[in-house]
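Residue numbering for the sequence shown is 0 to 195, as defined by numbering that gives the first Met the number 0.
Calculated from the structure, these hints are not laboratory results. Bear in mind that the values here come from a model prediction, so they are computed numbers and not experimental data. For each residue, glycine too, the CB sits at the ideal point set by N, CA and C. Just to be clear, a hint being listed does not mean it is correct.
Below, simulated DSBU-like cross-link-like pairs (lysine-lysine); rule was C-alpha separation at most 35 Å, straight line [to be verified]:
| hint | residue 1 | residue 2 |
| --- | --- | --- |
| 1 | Lys109 | Lys23 |
| 2 | Lys181 | Lys15 |
| 3 | Lys3 | Lys87 |
| 4 | Lys26 | Lys3 |
Label pairs and their calculated CB-CB ranges [to be verified]:
| hint | residue 1 | residue 2 | range |
| --- | --- | --- | --- |
| 5 | Glu131 | Asn99 | 13 to 21 Å |
| 6 | Ile95 | Asn50 | 16 to 24 Å |
| 7 | Asp11 | Asn152 | 16 to 24 Å |
| 8 | Gly100 | Ser79 | 16 to 24 Å |
| 9 | Asn50 | Asn163 | 18 to 26 Å |
| 10 | Ile95 | Lys26 | 12 to 20 Å |
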Amino acid sequence: MNLKSVTVVEHDPIWKNLFLEEEKKIKEIIFKDYKCKKPNEYDDTLLLTVNVFHCGSTSVPGLKAKPVIDILLVVNGDISELDEMNEKFESCDYQIRGENGITGRRFFTKRIPNHVWVNMHAFQYDNITDIERHLTFRDYLIAHPVILNQYANLKSELASKFPNSIDDYWEGKNLWIKHHEKKSLIWHWSNRYSNK
Numbered sequence: 000m001n002l003k004s005v006t007v008v009e010h011d012p013i014w015k016n017l018f019l020e021e022e023k024k025i026k027e028i029i030f031k032d033y034k035c036k037k038p039n040e041y042d043d044t045l046l047l048t049v050n051v052f053h054c055g056s057t058s059v060p061g062l063k064a065k066p067v068i069d070i071l072l073v074v075n076g077d078i079s080e081l082d083e084m085n086e087k088f089e090s091c092d093y094q095i096r097g098e099n100g101i102t103g104r105r106f107f108t109k110r111i112p113n114h115v116w117v118n119m120h121a122f123q124y125d126n127i128t129d130i131e132r133h134l135t136f137r138d139y140l141i142a143h144p145v146i147l148n149q150y151a152n153l154k155s156e157l158a159s160k161f162p163n164s165i166d167d168y169w170e171g172k173n174l175w176i177k178h179h180e181k182k183s184l185i186w187h188w189s190n191r192y193s194n195k
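Input sequences plus hints: build the corresponding full structure.
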C-alpha cells in the first residue's frame, strides 16, 4: 500500500497491539530523552508530558479500515517543545510533516512492517476542538453499531470506486464524517454528565 492508493480491509485485532508497541516507542522518545529546561514550580515532574490515544478506524473494533494506525498525541505543555524532538522521531523512522494543513497540529508518518502505516497527530492540551473531535468520533462509532456499519459500507464502496485516488476517497467520506462528527459531539455532551 502507498499513501495515494486506497485499500480497505476487514478489522484486524493486531492493530491494537501495533498501537501499543508504537505508544511505548513514542513515550520512550519523549520521556527518556527530554531535558526539562526549567523546573515545574509545583512539583518535580517534567513540564512536557503526553497522553497517547489510538484513534481513527483501526481503533474501532469491527470497523473496516485502511491499514493505518492513527495515534493522537496530547502534549501537556507547549506544542513547540515537541519540535525539539524531531531528530529523535526521525531516528525512529518518523517523517516530520509539520502542521500539514491543520493549524496547531504536528503530524508525523511512519511505515511499519506488513504494509501498515502510522499517522501521529499531536495537539497541545488546550486544542479541545481537535482532541475531542478525534476521540468522540471513535467512541460514537463504538457505541452505535448501525452507524459503524453504515460507515464501513461507505468506505468499501468508495475504495472500490476510487482504488487509486486517496483524494477522491477522502472527499467521498467528508460530508458523512462531518455530519457524524457533529452528532458525535452532541451525543458526547448529552451523555457526559447524565449522572449529575
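These are the hints, each one checked on the structure:
As the CA atoms of Lys109 and Lys23 are separated by approximately 15 Å, the hinted pair is consistent with the 35 Å bound. The suggested pairing of Lys181 with Lys15 holds, with an alpha-carbon distance near 26 Å, which does not exceed 35 Å. For the proposed pair Lys3 and Lys87, the alpha carbon gap of about 27 Å is at most 35 Å, so the pair holds. Between Lys26 and Lys3 the alpha-carbon distance is near 29 Å, which keeps this suggested pair within the 35 Å criterion.
Separated by about 20 Å at the C-beta atoms, Glu131 and Asn99 satisfy the suggested range of 13 to 21 Å. For the pair Ile95 and Asn50, the beta carbons lie near 21 Å from each other, so the given range of 16 to 24 Å is met. Hint check: Asp11 to Asn152, Cβ distance near 18 Å, so the stated range 16 to 24 Å holds. For the pair Gly100 and Ser79, the beta carbons lie near 18 Å from each other, so the given range of 16 to 24 Å is met.
Between Asn50 and Asn163 the beta carbon distance is about 36 Å. The supplied range of 18 to 26 Å is therefore violated. At roughly 18 Å, the beta carbons of Ile95 and Lys26 sit within the given window of 12 to 20 Å.
When each numbered hint is compared with the structure, a violation occurs for hint 9 only.
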